[in-house]
Structure formats: structure tokens, C-alpha cells
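So the chains spell out like this:
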Amino acid sequence: MTNNEAALFRDKQIGFFIYLGVEAVMFLTLFATYIIFTPATQGPRPGEIFEAKSLILSSFFLLSSSGTLMLAEKGMKEKKTGKLLVWLGITLLFGLIFLGFEISDFHKYISEGYLTSTSNFLGSFYVLVGLHAAHVMFGSGWMILLLIQQRMNIPTSLFQEKLKIFSYYWHFVDVVWVFIIVIVYLPYMI
Amino acid sequence: MDISLFGKTINLPSDVLAAWIFTGIIGIVLVVYIWKKKKLPVIWEYMRTTNHRKIGTLYILFGFIFFLRAGLDALFIRSQLALPNNDFWVFQSQKYSEVFTTHGTMMIFFAATPMLLGLMNIAVPLQIGARDLAYPFLNAVGFWLFFAGGMLFNLAFFLNKAPAIGWTGYAPLTGPTHTPGVNTDYYVFGVQISGLGTILTALNMMVTIIRHRAPGMKLTRMPLFTWASLITSFLILVAFTVLAIALYLLMFDRLFGTNFFTTNGGNPVYWQHLFWIFGHPEVYILALPAFGIFSDVISTFSKKRLFGYPAMVISIVMIGFLSFMVWAHHMFTVGLGPMANTFFAITTMTIAVPTGVKIFNWLFTIRGGVIHFSTAMLFALGFIPSFVMGGVTGVMLSVSAADFQFHDSYFVVAHFHYVILASTILGIFSALYYWYPKITGYALDEKLGKWHFWLFLIGFHLTFFPLHIAGLQGMPRRVFTYDPGEGLTAINFIATIGAFTMGISILCLFWNLFKTHRKAEKVGNDPWDGRTLEWYVASPAPEHTFDPMPIVEDIDPLWVAKRQNRPMRTTDHHRIAPLSKSSILPFVMAMCLFLLAFTMIYHLYWVSAIAGIGVLACMVIRSLTDERKSFYRSINWL
Amino acid sequence: MKKLAVFLLLPLLAGCSSITVLDPKSTTGEEQAYLIWFSLGLMMIVLVVVFVLFARFVIKYRYTEERKNDIPEDVKGNLKLELTWTILPIILLIVLAVPTIAITYNQSPKMAAEADDGIDIGVAAQQFTWTFSQPNGKTDQNKLVLPEGEDVTLHLSSKDVIHSFWVPALAGKIDAIPGRTVTYEIKHLQKGTYRGKCAEYCGTQHTNMVFEVQVVSKKAYQKYLKEMK
Ligand code: HEA
Ligand code: HEA
Ligand code: CUA
Ligand SMILES: [Cu+2]
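Residue numbers (my numbering), protein chains in the order written: chain S, 1 to 190; chain G, 1 to 638; chain P, 1 to 229.
Heads up, a few of these hints could be off.
Unchecked claim - For lysine-lysine, the following DSSO-like pairs were computed, each having C-alpha atoms within a straight-line distance of at most 30 Å:
1) G:K629 to S:K162
2) S:K12 to G:K447
3) G:K447 to P:K60
4) G:K447 to P:K68
5) P:K80 to G:K218
6) P:K60 to G:K218
7) P:K138 to G:K161
8) P:K191 to P:K138
9) S:K12 to G:K161
10) P:K159 to P:K138
What the hints assert, rightly or not - Label pairs and their in silico Cβ distance ranges:
11) P:G179 to S:E112: 24 to 30 Å
12) S:F60 to G:V620: 38 to 44 Å
13) S:L186 to G:L68: 50 to 56 Å
14) G:D547 to S:F138: 25 to 31 Å
15) G:D483 to S:L131: 47 to 53 Å
16) P:G179 to G:V32: 55 to 61 Å
17) S:Y188 to P:P135: 41 to 47 Å
18) G:I610 to S:Y188: 55 to 61 Å
19) S:R45 to P:K223: 18 to 24 Å
20) S:K83 to G:D526: 38 to 44 Å
21) P:G41 to G:R48: 30 to 36 Å
22) G:Y605 to P:P135: 51 to 57 Å
23) P:T139 to S:L57: 56 to 62 Å
The hints are simulated quantities; they were obtained by calculation from the structure and are not laboratory data.
Quick reminder that beta carbons are idealized off the backbone N, C-alpha and C, glycines included.
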């Protein structure tokens with residue numbers, strides 16, 4: 001990277017970190033909401049509806065996708081396009097699998113009659129976990145776009161930049177998931 | 001009035017009808033003007049611009065239009081309240097509630113905040129030697145989101161669906177049970193969209209100040225307005241985000257059956273906490289930039305360096321920090337208990353200390369100076385005593401047991417108009433006179449400016465001073481009338497006269513703008529014998545500024561250079577300017593969001609989905625047409 | 001100009017003991033009025049200091065023909081002065097904080113009903129009426145009758161949205177919030193008829209959510225209680 005590129009990248013990086021700060025405040029407020037309203041006075045107790053199996057599986061895929069993304073970045077650093085593409089593809093796949101679990105979970109809850117209006121515990125659960133899932137979905141779309149751009153032969157330094165920014169996003173979304181496990185699920189499952 | 005259209009009868013109250021007619025006429029006049037003067041290319045240019053000065057101008061322009069709208073609402077409020085048991089036009093019960101809700105919401109979210117963001121947009125890059133904001137494209141997105149939100153909120157009125165919930169939107173009144181109509185949804189979505197724009201612009205401002213300062217422009221040499229903008233941006237990032245989540249939850253309550261703020265298992269007071277965790281910092285978001293403006297203006301027109309620069313900066317930081325610790329002073333009467341009430345009373349009082357430091361430092365900047373009474377300076381001087389009056393009533397409000405009497409009475413109304421008008425509004429006017437040459441190349445007329453100032457100041461005190469007494473006399477806020485026997489008649493009548501005096505002063509400003517552009521006399525780079533970098537570039541600021549790039553060696557670099565009778569030193573070694581390329585995408589994106597919100601309000605979710613895809617598509621196009629592509633290619637070829 | 005207005009209006013304010021809130025008819029209200037006066041007094045000190053400095057500096061250092069070409073000397077600051085105007089306000093605020101804390105502790109509305117002596121009155125708010133219930137179960141709408149000289153404890157609740165119970169002449173307001181009961185004590189009432197209002201915006205008829213409080217002699221109060229509705 002030249003000096004100019006480095007400077008422009010740094011602008012973008014700092015801006016994106018601040019943006020992640022904004023996201024953090026957002027999730028913080030939602031966590032607070034969840035803590036305030038859970039467990040709700042009426043309606044189902046959290047422990048009754050959460051399931052260990054799908055939580056463990058979905059977490060496995062999402063959390064390891066952070067690792068596969070790092071491998072992709074490594075591939076980029078080593079200028080191995082194949083490695084980059086494969087690992088990015090796997091990251092995408094893991095993200096989609098996670099989403100699949102989320103959707104099937106939500107679907108199951110809803111078909112069991114656990115709606116946003118059932119209780120405030122469920123309401124805050126849906127807005128929080130749902131917003132996180134929306135982030136994963138957005139990230140998956142972003143990865144597809146990155147894969148396309150990689151094939152479109154844009155300047156390498158620009159692609160590197162875009163991948164870097166994406167990786168911050170993806171790791172952030174993962175960290176939020178860790179907090180969701182610790183705050184939303186675990187206290188009611190053990 | 002009932003109007004029959006395609007076999008359907010639409011009920012249009014006369015105020016809405018008048019608004020349609022009035023807007024229609026203005027619209028026609030505008031179209032004819034644009035056509036005759038061939039201004040279409042200019043409009044097209046502004047729709048696509050990413051230049052900070054132009055976006056700043058747009059921010060101020062639309063902020064000002066919304067200010068007029070909200071000011072007109074204020075005049076309706078005052079006309080209705082002028083006499084006891086009055087029936088002015090339609091402004092009783094429902095309509096009165098709509099009008100104060102619109103007035104408050106528009107003033108805070110769509111007039112004051114955007115005008116300040118506009119001034120930041122214009123002045124901050126020029127003050128620190130940046131060629132543009134860090135992300136020009138994002139800047140346009142931020143502006144158009146504000147625009148979309150403001151238009152959506154205004155649309156409610158034109159469809160006779162204005163919200164009637166107060167600008168604070170207290171639950172559970174805002175819940176689906178008590179305000180089932182779409183009115184409240186307009187509030188939720190209008191504020192949400194423009195709030196997102198505000199967050200993006202604040203982020204942009206922050207990165208610009210952190211990353212794009214001219215060589216030698218250390219943090220400790222930044223003009224106070226830039227400092228204030230930095231801290232304000234930080235407050236926006238936190239406060240508006242909390243508001244965004246609060247509105248997000250409220251949206252779920254209203255549209256998707258959750259019960260966060262309802263009485264059905266939810267907690268109405270939780271809304272108040274979230275709202276004021278936003279709302280209190282918001283009032284400093286309004287005040288701090290104005291403090292910055294006054295610091296620069298007072299120092300310029302006293303011909304003296306700012307007294308106690310470090311203390312000024314530290315106190316801004318302190319105010320910003322403390323502003324997050326006092327929110328419950330708006331909730332003393334909720335019954336949070338004696339512990340919480342005293343805690344928040346004390347934290348609130350502490351804010352008086354850093355604010356006082358600023359007041360005295362301004363006074364001592366004046367001391368020993370040579371005070372030039374330009375209009376900008378008059379507004380700044382008018383600010384000091386007026387603001388202190390509002391500030392001390394704030395301290396009185398913070399006395400929690402006394403606040404049981406003050407709360408939700410006209411005493412509070414008087415307090416916050418004192419502080420807001422004295423800081424934000426006088427600040428914006430001061431900045432307008434001060435930076436007008438940088439925006440347009442012309443200086444506003446000083447004589448009319450003085451009329452504007454004096455009429456506004458007198459009207460302001462005439463309106464709001466008596467209202468303190470109205471509060472103590474037992475007048476609650478948000479009531480559309482009172483009894484003749486309550487001893488409120490004279491007070492309210494005087495207040496109404498004051499409000500119209502302010503109205504006349506705004507007409508003077510109009511006349512001034514008109515006259516100035518009629519005359520079209522260009523002024524030079526530095527009409528006020530300025531001190532900071534913005535007076536070093538041409539007026540109006542061109543799209544490509546700071547070529548060559550100056551080196552900053554002092555707090556008031558231009559002033560020092562002028563005193564030493566030398567040109568500013570310049571350099572070729574400086575960082576690269578932000579890349580920019582004009583684009584219609586920000587506009588399209590904001591319009592998609594507008595459509596998304598509008599259809600959400602009417603539960604047309606499939607259209608919302610399409611509009612949402614439109615927003616995402618804009619992002620994809622944006623990513624694919626990144627202006628960095630060609631730039632990176634060009635440097636890699638070299 | 002505006003300073004003149006302030007000084008003209010102040011004696012007006014001070015002289016008018018007819019201002020409702022400053023002429024309270026209960027001990028609770030008196031404590032609040034005392035705080036208002038006390039804080040106003042302290043704030044007047046601040047105001048006078050700022051106004052005097054302001055007027056002096058603006059007049060003395062204004063632009064004049066003979067000072068046309070003066071370039072004033074730059075002063076960076078003055079630590080001693082700046083410390084002065086940091087510390088003095090802190091002292092002033094401490095002086096203000098002490099009675100604030102004392103009275104707030106005493107008066108703050110409490111969440112749960114704590115044992116209180118005096119008369120317990122139920123206050124139920126609903127768009128847009130007030131229902132008051134007396135200890136013996138008697139209820140009345142928009143009219144509250146209370147005995148002179150007694151302390152009353154209000155138990156406030158709401159059936160729909162948030163309202164606020166305010167009798168300016170007696171004491172400060174307290175919110176009536178759905179889903180919870182808040183208590184508030186008003187001590188030692190004086191005889192008279194007072195206007196009460198809803199002080200939290202609760203819908204379009206908020207303005208008309210008014211009521212009347214009659215503080216009557218104990219005998220009359222007993223009579224009122226026994227009256228059948
Ligand atoms: C620009 C906006 C702005 C600013 C700057 C302030 C500044 C302050 N405000 Fe205000 N306030 C509002 C806007 C603002 N406010 C609004 C909009 C509302 C109502 C919202 C609604 O309900 O709709 C409100 C309401 C409000 C309340 C709630 C009232 C109620 O509803 O019951 C309180 C209570 O404590 C309060 C306190 C204060 C204090 C202590 C300050 C302090 O920051 C003031 C500090 C300044 C000074 C004190 C003067 C200068 C200092 C000196 C000269 C030093 C010496 C002074 C002393 C030692 C005292 N404000
Ligand atoms: C930035 C904030 C701001 C500003 C600048 C103002 C400015 C004014 N405000 Fe407002 N006000 C609020 C923020 C603000 N207000 C808020 C937040 C509330 C609380 C709302 C709530 O309770 O929810 C409130 C409430 C409020 C009330 C209480 C209503 C009630 O509780 O019942 C009153 C009453 O007097 C009032 C009056 C005024 C007046 C007379 C002005 C004047 O200064 C206005 C001066 C401007 C003008 C007079 C405009 C001139 C226009 C023209 C000349 C017309 C030309 C027009 C066209 C060509 C279209 N305001
Ligand atoms: Cu009840 Cu206002
Ligand atoms: Cu506040």
C-alpha cells in the first residue's frame with residue numbers, strides 16, 4: 001500500500017470502529033431491555049423453550065466462522081487467491097447454516113405459540129436475537145458481494161481494504177453472539 | 001371541511017386545507033421561478049452533491065424551513081393561549097395537542113439539530129484545514145436521511161394525521177391501545193429516519209476532526225467550535241443510538257404486538273428512562289455547538305484570544321460527560337424514591353460548575369478587548385445574560401423537592417426556552433451572520449441585522465419571562481386554555497405579544513436575506529478580520545480548498561500571521577484529501593427509506609420489503625462504483 | 001434593556017404573595033416554597049454577579065473612535081481567577097444541596113405504601129376524571145374533601161395512561177402511573193377551596209381533567225363522610 005492508500009484505509013477503519021461503537025450501544029440497550037423483562041411475570045419461562053442442541057450447534061458454526069474468516073484473510077496476505085476464496089466461501093456457508101438454525105428455532109417457537117406478544121421476555125428475546133440474526137444475514141450478503149468483487153478484478157489493495165472492514169464486522173457480530181449466549185441463554189439453561 | 005373525491009369523502013379541517021393551498025401556491029411560484037431562471041441544473045447539482053459546504057447549506061436551508069413551520073406552530077399556540085377560554089381557529093383539544101407536539105418535535109429534531117449540523121458541515125472542515133468531510137458520500141446520505149425523516153413527519157400534518165403525544169412521546173399514551181391511529185407512527189418513523197442520518201453525520205464529523213486536520217493543527221490548537229463539534233458528535237453517537245432503540249421497541253409495541261411500554265406486563269417508565277437518557281444529552285447537543293460558535297465569535301470581535309482555552313475545552317468535555325448522568329431529573333415526580341431523587345439532583349447541580357467556568361471565561365475574553373458590535377457579536381453578547389437566566393432556573397429545577405411544584409408547569413417551559421433560545425437559536429443566528437460570507441460570498445446587511453437582533457431579543461424575553469410566573473401561578477404545560485379567574489390572563493397576553501415580536505424579527509431576517517442577494521456585493525476572504533483558518537480560504541468556500549495547505553503554528557494562526565505581517569506558511573507535505581464523486585444514490589437511498597417507513601405505517605409490508613431491497617441495492621451499487629477503484633488503479637499504475 | 005425588565009419584574013414577583021405556589025396552604029407546600037425562595041435567592045447572587053460584570057465589561061471595552069486601532073494584548077488565562085469561579089459556585093451549590101437533600105428525603109414519593117399516620121386517600125386517575133376514595137370507602141369524582149389540620153397520604157394509581165395529581169396551592173405534583181401505586185404525603189392542610197389539575201399530558205382532553213379540593217373543618221369532614229352519595 002502506498003501512503004495515500006494507507007491514509008484512506010485508516011480513515012475508513014477508524015470510522016468503522018466508531019460505527020461498531022454505535023452498534024455496541026445499540027446491543028447494550030437491548031441487553032438491558034432483556035435483563036429488565038426476563039423472566040416475565042406471566043407466560044413461559046426461558047428455560048422451558050430454549051434448547052441446548054440447536055444452541056450448541058448454531059454457536060459452533062457461527063463462532064468457528066470467525067476462525068475460517070481469519071484463514072481467508074491469511075490467504076489474502078499470502079496472495080493465495082484459492083485459499084482466500086475457499087475459506088471465505090466456508091465462512092459464508094457457516095453463516096448461512098447459523099441462519100438456518102436461527103430460522104428453524106424461531107419457526108419452532110412461533111409454531112408452539114410463543115409470539116412476540118406472548119410475554120415481554122419473548123418480546124425482548126425476539127428483538128435482540130432477531131436483530132443479531134439480521135446482522136448475520138446482512139453479513140452473508142456482504143460476503144457474497146465480496147466474492148463477486150474478488151472475481152471482478154478490482155485493485156488488490158481495494159479488495160484487501162474491503163475484506164478487512166468486513167472482518168471487523170463479522171468478528172463483532174460474533175462477539176455479540178457470545179454475549180447473547182452468556183446473557184440470554186446460559187442463565188436459564190443451567 | 002368535507003371534500004368529495006372519487007366518491008370518497010375526505011374530512012379536511014380548515015388548517016390542513018389552508019396548508020395545502022399555501023404549499024400549493026408556494027410550489028407553483030417555485031416551479032415558475034426555477035423554470036424562468038433555468039435553475040434546474042442547480043437543483044440537480046445539489047441533489048447529487050457531496051461537497052461539505054453545499055450539504056451544509058442544504059442542512060441549513062431545510063432546517064430553516066422546518067424552523068419556520070415550527071415557529072408558525074408556536075404562533076398558533078400563543079394565539080390560542082392569548083386569552084382565557086379562547087377559541088382560536090381550530091386549535092383546541094386534539095388540534096392543540098397536535099400543534100405543540102409538532103412544534104416541539106420539529107424544533108428539536110428537524111430545526112435546531114440540523115441547522116447546527118449544517119454549520120458544522122460548513123465550518124469544521126474550513127477551521128481545521130480539511131478539504132472535505134472524511135466521507136463525502138456518507139455526508140450526503142446523512143443529509144438526505146434527515147430530509148426524508150423531516151418530510152415524512154411533515155406529511156402527517158398534510159394528511160391530517162399529526163401525532164398528538166408531546167415531543168417526549170410518553171408511554172403508554174403512545175401505545176397501540178391509547179393512540180391506535182397512524183398519527184403516532186409518523187412520529188416513530190419520522191424521528192427514527194432522521195435520527196439515523198444524524199448518527200451518520202456525527203460519525204463523519206468525528207473522523208474528520210480526528211483524521212483530517214492540517215499540518216500543525218494539534219488538538220490543543222483547534223478552534224472552540226471544532227472542539228464543541230467533536231464532543232457533540234460523541235454525544236450524538238451515544239444518545240441518538242439509545243433513542244433509535246427506544247423507537248425501535250416502540251415500533252414493535254405498535255406494530256408487532258410486544259408489550260415493552262404498555263401496562264400489559266410492560267413498564268411505561270422504562271420509556272421515560274430511555275427517552276431521557278437520550279433527551280438530556282440532546283439538550284447539550286443543542287447547546288455545545290452554540291457555545292463553540294460564541295467562543296469563536298466573541299474572541300473575533302473582541303480582537304482578543306479566548307481567555308482560558310484549556311479550561312474552555314475541559315469544561316466542554318465535563319459537560320458532555322456529566323450530561324449522561326442526570327437524565328432522571330426529568331422524572332422527579334415519577335416516584336423513583338428519595339435515593340434516586342437526591343442522587344440526580346446533585347449530579348444535575350454539578351453541571352452548573354463547568355458551564356459557569358465557560359460563562360466567566362467569555363466575560364474575561366471581552367474584558368480588555370475592543371468590542372466591535374457587529375450583528376454576530378450582538379447575538380453572542382445577548383446570549384450571555386439570557387443564558388445565565390435560563391441556566392439558573394435550571395438549577396432551581398434540579399432542587400428535586402421544589403421540582404414537584406415546577407415539573408410540567410410553564411416554569412419548565414420558560415426554563416427550556418430560555419436556554420434553548422439563548423444558546424441554540426441565538427447561536428445559529430450569530431453563526432449565520434458570521435459565516436454567511438463563507439457560505440455565499442455575501443455579507444448580510446448589518447442594519448437589518450440589528451433590527452433582527454433587537455426585536456428577537458426583546459420578543460424572547462417578553463414571551464418567556466412572564467411564563468415563569470405562569471408556572472408558579474399553577475399553569476400546567478400542554479393545556480389549550482385556562483380560566484379567567486386564575487390570574488393568568490395578563491401573563492399570557494404579554495407572552496403572545498412577545499411571540500409575535502419574534503415573528504416580526506424573523507421577517508426582518510427574510511428581508512435581509514432578500515436584500516443581500518439583490519445587492520449581491522461580494523466580500524473578500526476575511527471580512528471580519530478573523531483569526532482562524534476559515535478566513536484564509538476564498539468566500540464562498542470553493543470545492544477545492546487549502547491549496548497550498550497552510551501550516552498551523554498557533555491557536556489563532558491567521559491572526560498571528562496577520563499581526564506579524566506575513567503570509568501563512570504553507571507546505572506540500574500533507575495527507576491526501578477525502579475522495580469524492582457526486583452521486584444521486586444518497587437521494588435515492590433516502591427516498592427508498594422514506595417509502596419503506598411510509599408503507600410500514602400503513603402496514604403494506606410487501607411494499608416495505610421492496611423498498612428495503614431498494615436500500616440494499618443502493619448499498620451494493622455504491623460498493624461496486626466505489627470512487628476509490630479508479631483512484632487506486634491510477635496510483636498503482638504510476 | 002432586558003436587565004431593566006428583570007429588575008422591574010422581580011419586586012413584582014417578590015411582592016406578589018398571591019402567586020399560588022409561593023403562598024402554600026400546607027406544611028409540605030411551605031417547605032417547597034421555602035426551597036424555591038432559597039434557591040431563587042442564591043441564583044440572584046449568581047445573576048447579579050454575571051450581570052454586573054457583563055455590563056461593566058461591555059461598556060468599558062466597547063469600540064470607540066479613539067480605540068479604533070488598538071490591538072488588545074492577548075491574555076491566555078489566569079489560574080487564580082479561574083479557580084475562583086470554579087470553587088465559589090461549588091460552595092454555592094453545596095449550600096443549596098443541603099436543604100435540597102433534607103427536604104427531598106422527607107418528601108419524595110415512595111413506591112410502596114409505607115406505614116403513615118394521617119388520612120389515607122385513594123386517588124385513581126382515568127382519562128379524564130379523578131376518583132377519590134375516602135378511608136371509609138366513600139368515593140367521589142373530581143371532588144376531594146379533606147379535613148383541616150390533618151396530614152393526608154395519597155395512594156395514586158391510574159387505570160390507563162400516566163396522569164399527575166397537582167394542587168398548586170397545596171403542594172407539588174406526583175404522577176399516577178398505571179400498574180403501580182405511588183404514595184405521597186401532604187402535611188397539615190389549611191382550610192380553603194383549591195383548584196386541582198392533571199399535570200401530565202394524558203390525551204386530548206388533558207386540559208379538562210381538573211378537580212376541586214375542599215379542605216374543611218373536621219366537623220364538616222365527618223359530616224361529608226357520613227353523607228350518602
Ligand atoms: C439547550 C438546552 C438546555 C440546557 C443548556 C439546559 C440546561 C440545564 N437544565 Fe434544562 N431542560 C431543557 C433544555 C436545556 N436545559 C429542556 C428542553 C427541558 C424540558 C424537556 C421537556 O420536558 O419537554 C429541560 C428541563 C430541565 C429539567 C426538568 C424539569 C422538569 O421537567 O421538571 C431540569 C431539572 O433539573 C433541568 C435542569 C437544567 C440544568 C441544571 C441545566 C444547566 O446545564 C444549566 C447550567 C447553567 C448555569 C447554571 C448558568 C451559568 C453558570 C454560572 C454563571 C455559574 C454559577 C452558577 C451557579 C453556582 C448556580 N432542565
Ligand atoms: C429548538 C427548540 C424550540 C424553539 C426555538 C422554540 C421556540 C418557540 N416556542 Fe417552543 N417548545 C419547544 C422547543 C422550542 N420552542 C419544545 C421542545 C416544546 C415542548 C413541546 C411539548 O410539550 O411536547 C415547546 C413548547 C412550547 C410552548 C408550550 C406549549 C404547551 O405546553 O402547551 C409554547 C407556548 O408558548 C412555546 C412557544 C414558543 C415560541 C413563541 C417560540 C418562538 O421563539 C418561535 C419564534 C419563531 C417564529 C415566530 C417563526 C416566525 C415565522 C414566521 C414569521 C412565519 C413565516 C412563515 C411562513 C412563510 C411559512 N413552545
Ligand atoms: Cu390526566 Cu393529563
Ligand atoms: Cu435535562
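Range hint compliance [Cβ, L186 (chain S) to L68 (chain G), 50 to 56 Å]:
Cβ of L186 (chain S) to Cβ of L68 (chain G): about 55 Å, so the range 50 to 56 Å holds.
Do I610 (chain G) and Y188 (chain S) keep their Cβ atoms within the hinted range of 55 to 61 Å?
violated (38 Å)
Pair hint K138 (chain P) and K161 (chain G), alpha-carbon separation not exceeding 30 Å:
violated (42 Å)
May I ask you to test the hint 38 to 44 Å on the CB atoms belonging to F60 (chain S) and V620 (chain G)?
Violated, at about 30 Å.
Go ahead and decide if the range 51 to 57 Å is satisfied by the Cβ distance of Y605 (chain G) to P135 (chain P).
holds (54 Å)
Should the hint that G179 (chain P) and E112 (chain S) are 24 to 30 Å apart at their CB atoms be regarded as holding?
holds (28 Å)
Could you grab the alpha-carbon distance between K191 (chain P) and K138 (chain P) and see if it respects the 30 Å cut-off?
Status holds; Cα separation ~21 Å.
Are T139 (chain P) and L57 (chain S) spaced within 56 to 62 Å by their CB atoms?
holds (60 Å)
Between K12 (chain S) and K161 (chain G), does the CA-CA distance stay at or below 30 Å?
violated (42 Å)
Given hint K447 (chain G) paired with K12 (chain S) - CA-CA distance at most 30 Å
Judged against 30 Å, a Cα distance of about 46 Å means the pair is violated.
Between K80 (chain P) and K218 (chain G), does the CA-CA distance stay at or below 30 Å?
holds (26 Å)
If I claimed the Cβ atoms of G41 (chain P) and R48 (chain G) lie 30 to 36 Å apart, would that claim hold in this structure?
violated (59 Å)
Hints 2, 6, 7, 9, 12, 14, 18, 19, 20 and 21, counting from the list given before, are not met by this structure.
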